[in-house]
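Colleague: This is what each chain is made of:
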Amino acid sequence: MPSERSQREPRESALSGDTPSANGRLTKRIIACLDVDAGRVVKGIKFQQLRDAGDPADLAQLHANAGADEIVLLDITATSGGRKTLVETVRRAAAHLFIPFTVGGGIRTLEDAAQVFDAGADKVSVNSAAVADPSLIEQIAGRFGSQAVIVAIDAKRGTNAPESAEVYIAGGRKATGRNALEWAREAESRGAGEILLTSMDRDGTGAGFDCGLTAAVAQAVAIPVIASGGAGNAAHFIDVFTAGKADAALAASIFHFGTHAVAELKQTLLAAGIPMRWPC
Amino acid sequence: MIAIVDYGAGNISSVKKALTHLGAKSEVTSDPAVIAAADKIIVPGVGHFSRCETLNHHLRKPVLDAIAQGKPFLGICVGMQWLFSGSTEAPETPGASLFAGECARFPATVKSPHVGWNQIDIRDGSRLLRGVDDKVFVYYTHSYRAPMTDATVASSEYGGEFSAAVERDNVFGVQFHPEKSGAAGLKILENFCAL
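Order-wise, the sequence lines are chains W and Y.
Mapping of the first sequence onto the numbering used here: residues 4 to 283, in sequence order.
Mapping of the second sequence onto the numbering used here: residues 21 to 215, in sequence order.
I should point out that these hints are in silico values taken from the structure, not numbers from a laboratory.
Hints may contain errors.
Stretch by stretch, here's where chain W covers chain Y in the computed footprint (C-beta under 8 angstroms, at least three residues) [claimed, not checked]: (1) 35 to 47; (2) 60 to 74; (3) 133 to 139; (4) 167 to 179; (5) 198 to 205.
Here are the simulated distance ranges between beta carbons [claimed, not checked]: (6) Ala98/W / Asp51/Y: 22 to 32 angstroms; (7) Pro52/Y / Gly180/W: 49 to 59 angstroms; (8) Thr108/Y / His99/W: 31 to 41 angstroms; (9) Ala56/Y / Gly276/W: 18 to 28 angstroms; (10) Ser138/W / Gly28/Y: 13 to 23 angstroms; (11) Asn236/W / Arg188/Y: 43 to 53 angstroms; (12) Ala173/W / Ala214/Y: 26 to 36 angstroms; (13) Lys155/Y / Ala264/W: 19 to 29 angstroms; (14) His78/Y / Gly276/W: 33 to 43 angstroms; (15) Asp189/Y / Ala173/W: 51 to 61 angstroms; (16) Arg125/Y / Thr112/W: 29 to 39 angstroms; (17) Asp154/Y / Thr112/W: 38 to 48 angstroms; (18) Thr108/Y / Thr112/W: 31 to 41 angstroms.
For each residue, glycine too, the CB sits at the ideal point set by N, CA and C.
Bound conformation, chain Y alone (with noise of 0.2 angstroms):
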């Protein structure tokens, strides 16, 4: 069972919707013990990083407890984001610090949010990214971009270069909405589903 953690960011039907569309089993909750007890563990999110003060007061412990034990993870948007130190959004707000570096706004050079289909480009031996095509189009909704790191497995292109997708070992996040991003996406899930 794939627990989709519920901490009031926003609408997460549609990842709940993506899933079963792909015949995985999932749950939508904010119960440590059903955090506990999933196989693997989605953050989804959209919306204001401070939402993860909700996330950090009651399930920070349970999952990154999951984390520890090998468990797969994904961050999606704002979930992705968590994985950083913070986000210049909500600095009193900490992140996960499971990777380095702090999200910041997009240069004043753009506009923001960054609304719509971009391609991302992809490095070789990333497992969630296996069988998508490289410089396939996906969906962005967001106005905060997670730093490039050498833990970044894939980067789009707006006001300068930002990681589109990271990976280490059992931990993934992806700025993009996998579960609004066609056929890409749903592999991208299904690779998830898979782990």
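This is chain W alone, in the form it adopts within the complex (with noise of 0.2 angstroms):
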């Protein structure tokens, strides 16, 4: 269990930090992930003890109707093999998805990425092997351009700052040594469009996001930021559009088993005053 820091991060006001008046009524995303193991959604406690959640077409069809602005497939697999399962089902649930469709896990090369847009993504999602050659940022924004790339960071800080928190690779099981702030910056200079920040520590927990460390990386950065990591219950998303600063927040398991449907949380998200797209 990780330990739940005493002290929480204080709450502001919606919007703070924000201008409200220039950025008009663009409203802050809320994203369905959906982990893909063979072809099957699962959903892992701290990228582990994976259960069966269903079929990825399927749930990704449920999420766009019930309001949720964008869906994510993670192949969480990918690295040991099953590209061609994964090409199959990008392509299976993008044949009638018609909100943005974002696909990561295991793409190393352009041609991965070039292979999972033809079969109808939008944008692609890069972790480890744009860690291990971040040239292929500029390779996949340079011909599919900057909108269409992802960069995805899972970072672990402990109870240590926000400043110092860590990148780690191949599903979060190997430490690299490198800053994350200073990573997602690297990732910003070489074209990528936005940035999807877990955080290892709150990743299944269900304690909240890291709305100091997505806070970091969002000041880091002026790309979109998109917290991952620790989403329990509807107060843990306005922290992290507030105190967290987060453009978008994704999660999976919440809306997967049924703990709190989208278009709940979407309502609850505007009566705190946060810009929601709604109705949809």
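Each chain sits in its own coordinate frame; assemble them with the hints.
Modeller: Take a look at the structure:
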């Protein structure tokens, strides 16, 4: 169990840190994530203990209809094979999905990216391979545009300050010694369109997003930051959109297992003054 | 048949997918003859305005000829920006100058790119936006935007007001991505298919 930090970040008023008038009515985004293993949606607790949660195409449609602003499909076993299965899963899920659709997991080359774009993805998320060869970001952005490249960063800081968070790769199994903020800035300069930041300390715990880490990264870069890891209830989303300065927040299990339907979550956030796309 | 013009500007499979979903026949092409034979033309596009060089190089004439013949034309994102005189993103690359003004980057007062769902204020009388709810949310991803003009039929606010959609006679443009904007986006594409 991760130790709950005794000092939670104070909750700021909605939109503090932003300039609402300049931002017009751009909403914060709620992103439903499907962790896929061999063509089935699963969800782990702290990257382990997987349980089956259904068919990716069905779930993507279900979340879109329920009001999710985007869908992310992460192939969590891609590093150990199964590219063909993934591409077919993407094709099936994308066929009737008309909101932004991101695919990640095991994308190591420009060709891997091209395959999932061809299958219907709008964006790819790159992680380990981009750390190993950062020029991958430039290659994909150069051909498909920056808007199509999300750099996913799995970061861990334990009880240390957000500024000292470390980047992990290989599904959170391997420390890199790289600083998360520094890597986010490099990814941006190489053409990343968004950062998907997962707190490994919080992932799967339902204890809330790491708002300190998210805010630190959001302030380090100018591109949108998607917060991930730790969503457990609506208050956690309010926190990450205010104190955490996130542009979007991603969650998986709380949607699949019915703890919190997207529609209900969005209404709660709207009532709290967070700009949301509603009705959908 | 709707020609979806492929000029190397990013991923355009989602436009084709949406048209297929709506039951419209379309073809992704960079062949001037296919463009000339099409009933309608869509120029999609994401990415850098300099990609329009390819469009200007060998597809400009067939596309402009089709427009001159009165065929419905829809530009999406960079495809809409191309309808203007150009963009400060690539000053050496001219647009089609069918609408007045130059596209420019968002001011430094807001984060750029503008990514996500934003509302559109719809003007009365648009054929492209017929039956679409005013203030509906649509999906954007871009760093440059077109100015407001007398052809603007919908606007959004982000670092000030900009053209979300333009329309004159048979020429239409949308800065947002109708193929990624849920039911509202599909309605817009359906309207275009029905022209």
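Colleague: Run through the hints listed earlier and report the numbers of any the structure violates, in increasing order.
Modeller: 9, 12 and 14
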